[in-house]
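Engineer: Taken in sequence, the protein lines are chains Z and L. Under full-length UniProt numbering, the first residue of the first sequence carries the number 1, and numbering increases by one thereafter. Under full-length UniProt numbering, the first residue of the second sequence carries the number 1, and numbering increases by one thereafter.
Among the hints, erroneous ones may be present.
[Unchecked claim] Listed next, the stretches of chain L that the computed footprint assigns to chain Z, with coverage defined by at least 3 CB atoms under 8 angstroms from CB atoms of chain Z: (1) 72–83; (2) 97–110; (3) 117–124; (4) 159–167; (5) 172–180.
[Claimed, not checked] Cut-off 27 angstroms, straight-line C-alpha distance, at most; resulting in silico cross-link-like pairs (BS3-like, lysine-lysine): (6) L:Lys18 x L:Lys94; (7) L:Lys94 x Z:Lys194; (8) L:Lys130 x Z:Lys15.
To be clear, the hints were calculated from the coordinates, so they are not data collected in a lab. Keep in mind that this is a model prediction, so the values were computed, not measured. The beta carbon of each residue, even a glycine, is placed where N, CA and C say it ideally should be.
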Amino acid sequence: MSKTYEYVPEPALVKGNHNFNSITELITDINIRPTPKLWYVAFGFANLLLLALLGSIGYLIWEGTGIWGLNAPVGWGWAIINFVWWVGIGHAGTLISAILFLFRQNWRTAINRFAEAMTIFAVMCAGIFPAIHVGRIWVIYWVFPIPNQMAMWPNFNSPLLWDVFAVSTYFTVSLLFWYVGLVPDLATVRDRIKSKVGKVLYGTFALGWRGSNRHWWNYEKSYMILAGLATPLVLSVHTIVSFDFAVSIIPGWHTTIFPPYFVAGAVFSGFAMVLTLMIVCRKIYGLEDIMTDDHIEKMNIIILVTGTMVGFAYLMEFFIAWYSGVEYEKAIFILRATGPYAWAYWIMITCNVLSPQFFWSKKLRRNVAFTFIISIVVNIGMWFERFVITVTSLSTDFLPSSWGYYSPTFWDVITYVGTFGLFFTFFLLFLRFLPMVAVAELKAVLPQADPHNYDEETGEYKEPEVTVPEPTTTQESA
Amino acid sequence: MSQQITNNNLYGVLAEFKTPKELMDAARLVNQNGYRHYDTFSPYPIHGMDRAMSLKKSKLGWIVLSHGLLGFSGALAMIYWMMVVDYPLNISGKTLMNVPAWIPVTFELTVLLSAFGAVFGMFFLNGLPKLNHPLFNSENFKKVTDDGFFVCIESEDPQFESEKVQKLLQDAGAATIEEIYED
């Protein structure tokens, strides 16, 4: 058998004929221009949802968790589902900014700022749920090791306490990482904005950044170390979130596959969310040159890979349940697929395992409208995954006499919908006031950023020469 | 005599270059001429500039390492004191020093402290925040965050002589040259 391999050069990361100045203008003008009307409409709508969230939280504190649909076997309902779902959404941001950075995936520069912002706001939404579900929210500070008048400490053997440290560390580090990346771009806005208030505000947050190469030298080192720290951190956070389940003895939860399976699911849903937001924003703000179809394709490949990993994990759960020989373990998995929550289970399978398989086709993964639909389908599917895990295991555990059926109330739904208000309020503020693409990083991946791409004699920029090796033919004996 | 006074207020000579290649060549030239108090400025980090300027390795790694070790040992010491010494709780007869269960919190605090070291250490090494700087007096310097490439040789340098420096930068192919004063 003989095969011919051809070398295909990588497509340019930025389309259009951009130079440094046009990149600066394209992105920072969004912050400098007057606010568009459509933004006010969207912001008003997001604020209404945010008010609904605040109202439902207020009522919850006043009345107690009885307003939710929790019952005797199912003591954990939408609160934990939403928490895990939102934290999972957040993971794509850190993955793009940290793991893809360490892998030298330069295409990340177009979307990392955007995705990191999403991470921070998603983690904020997530953090609300464990805080409010405790019942007596005014003593939530007991989870922190603060010396108090009772001279007692939180229990460090409890996975719920690990969550407190994991999520708050994750939030803090993501915020720092995001801010470090923002400093040079805030300086760009500072130098371009005309209004006095803007100058003072952007100037303060830019900390007097002046692009010194002695500074860049430390800056890049710091950025790399942060990426190196954020990589194990992002994996650890969802691992610890999965410990909330896996460290218990409930059938269907007590499995060692949970940590990697949760992380894969988190990346899966996170990339879907980045795509949902990105496809809308690049259209509204005309950023198709920067967030190109190649980006969408690459992200779709990641969705395909992680979606298939999640599908593999579902199969593996069944296999291990059978292989373990534990009656309860076997029963719960059969019940998931055939029992009272079979509807949720099959929604989950359809959305998470089947829908990403379309992306094997190159045509479909470059189709923007189709990607948009799948990205929403994936997020619905991942919400149902957390629903299936949480509710089926709790509602049908060891004793049939204690089984029960769980359904949410109006307040469950409104609290969840309200978190979108919180998310979009912050996200719209981000789009309006901060550069939504990492300007400095994007400039660094333009071909003219490399001093080697200039002519020795004239100093003029010349297109980088791509050395295309001769198509090689290898002989393989079959 | 007035010449003397202005010289005292002189911060340095700022030259603008058009491309990253010209900036890199200029930096190499300035470095080879034995200047030490100078800096180059660009809208993004130029790779290879550290060698052209012969910058020393960043000390940041050591700052991060020390913070990480502090986080690690601090977390272990905190949990040990709380769970074993100050408030021992017998949970199903398990050992008080339940180290495997302490790993998640210890890990998180190690990462948290290291990240503080990486971010605040970087700002500390860079001398930021510094909202006011003589270079901001130059209107032209605003381009540095857009598409400008600059070299500044500071008057602090023992070899500094305004005319000589301007000549050097002129030879390096600077587009504009200006003197920067501290006001």
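Engineer: Does each hint hold? Answer for all of them.
Structural biologist: We went through each hint and held it up to the structure:
1. 72–83: Holds, because 4 residues of the region 72–83 of chain L bring their Cβ atoms closer than 8 angstroms to Cβ atoms of chain Z.
2. 97–110: holds (count 8)
3. 117–124: holds (count 5)
4. 159–167: violated (count 0)
5. 172–180: violated (count 1)
6. L:Lys18 x L:Lys94: 70 angstroms, violated
7. L:Lys94 x Z:Lys194: 65 angstroms, violated
8. L:Lys130 x Z:Lys15: The given pair, whose Cα atoms are some 37 angstroms apart, is violated under the 27 angstroms limit.
Of the hints listed earlier, those the structure fails to meet are numbers 4, 5, 6, 7, 8, in rising order.
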